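**Q** Let the hints inform the model, and build the full structure from the sequences given.
Sequential numbering from 1 applies to the sequence shown in the working numbering.
Hints were generated in silico from the structure; no laboratory data involved. Fair warning: this is a prediction, and the values are worked out from it, not measured in the lab. Glycine residues also receive a C-beta, built at the ideal position from the N, C-alpha and C atoms. One thing to keep in mind: the hints can contain errors.
Stated by the list, open to error - DSS-like, lysine-lysine: derived pairs with alpha carbons at most 30 angstroms apart: (1) K53 / K34; (2) K13 / K34; (3) K13 / K37; (4) K37 / K53.
Said to hold, decoys possible - Have a look at the derived ranges for each label pair, beta carbon to beta carbon: (5) F14 / D57: 42 to 52 angstroms; (6) Q41 / M18: 18 to 28 angstroms; (7) L42 / L62: 25 to 35 angstroms; (8) G61 / M18: 51 to 61 angstroms; (9) I39 / E11: 38 to 48 angstroms; (10) F14 / L43: 21 to 31 angstroms; (11) R6 / D57: 29 to 39 angstroms.
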Amino acid sequence: MNFVDRLCDVETKFAAAMEHVSVEEATRNRELRKIGKSILQLLRLTEVFRSNKAASDQNRGLNGYESSSQSK
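**A** Shown next, in the form of structure tokens:
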């Protein structure tokens, strides 16, 4: 086991002691927290994408309006 693996093992055992659960359950809880963080990151990215898309569509509409009024 390398240093990082040992550190994760100690962290899991510490979490198990603090949560009064088994090491296996602490490991599952840690994995679930990682999954939850990933889901939150995806939701944030989706919101940023939607916001950027709306701004882009709005700018495209404004630019289209300006170009059509200039051509008249």
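**Q** Taking the hints in turn, state whether each one holds.
**A** Consistency of the hints with the structure:
no., hint, result
1, K53 / K34, "holds (28 angstroms)"
2, K13 / K34, "holds (17 angstroms)"
3, K13 / K37, "holds (21 angstroms)"
4, K37 / K53, "holds (24 angstroms)"
5, F14 / D57: 42 to 52 angstroms, "holds (49 angstroms)"
6, Q41 / M18: 18 to 28 angstroms, "holds (25 angstroms)"
7, L42 / L62: 25 to 35 angstroms, "holds (30 angstroms)"
8, G61 / M18: 51 to 61 angstroms, "holds (54 angstroms)"
9, I39 / E11: 38 to 48 angstroms, "violated (22 angstroms)"
10, F14 / L43: 21 to 31 angstroms, "holds (30 angstroms)"
11, R6 / D57: 29 to 39 angstroms, "violated (51 angstroms)"
Of the numbered hints stated above, those contradicted by the structure are hints 9 and 11, listed in ascending order.
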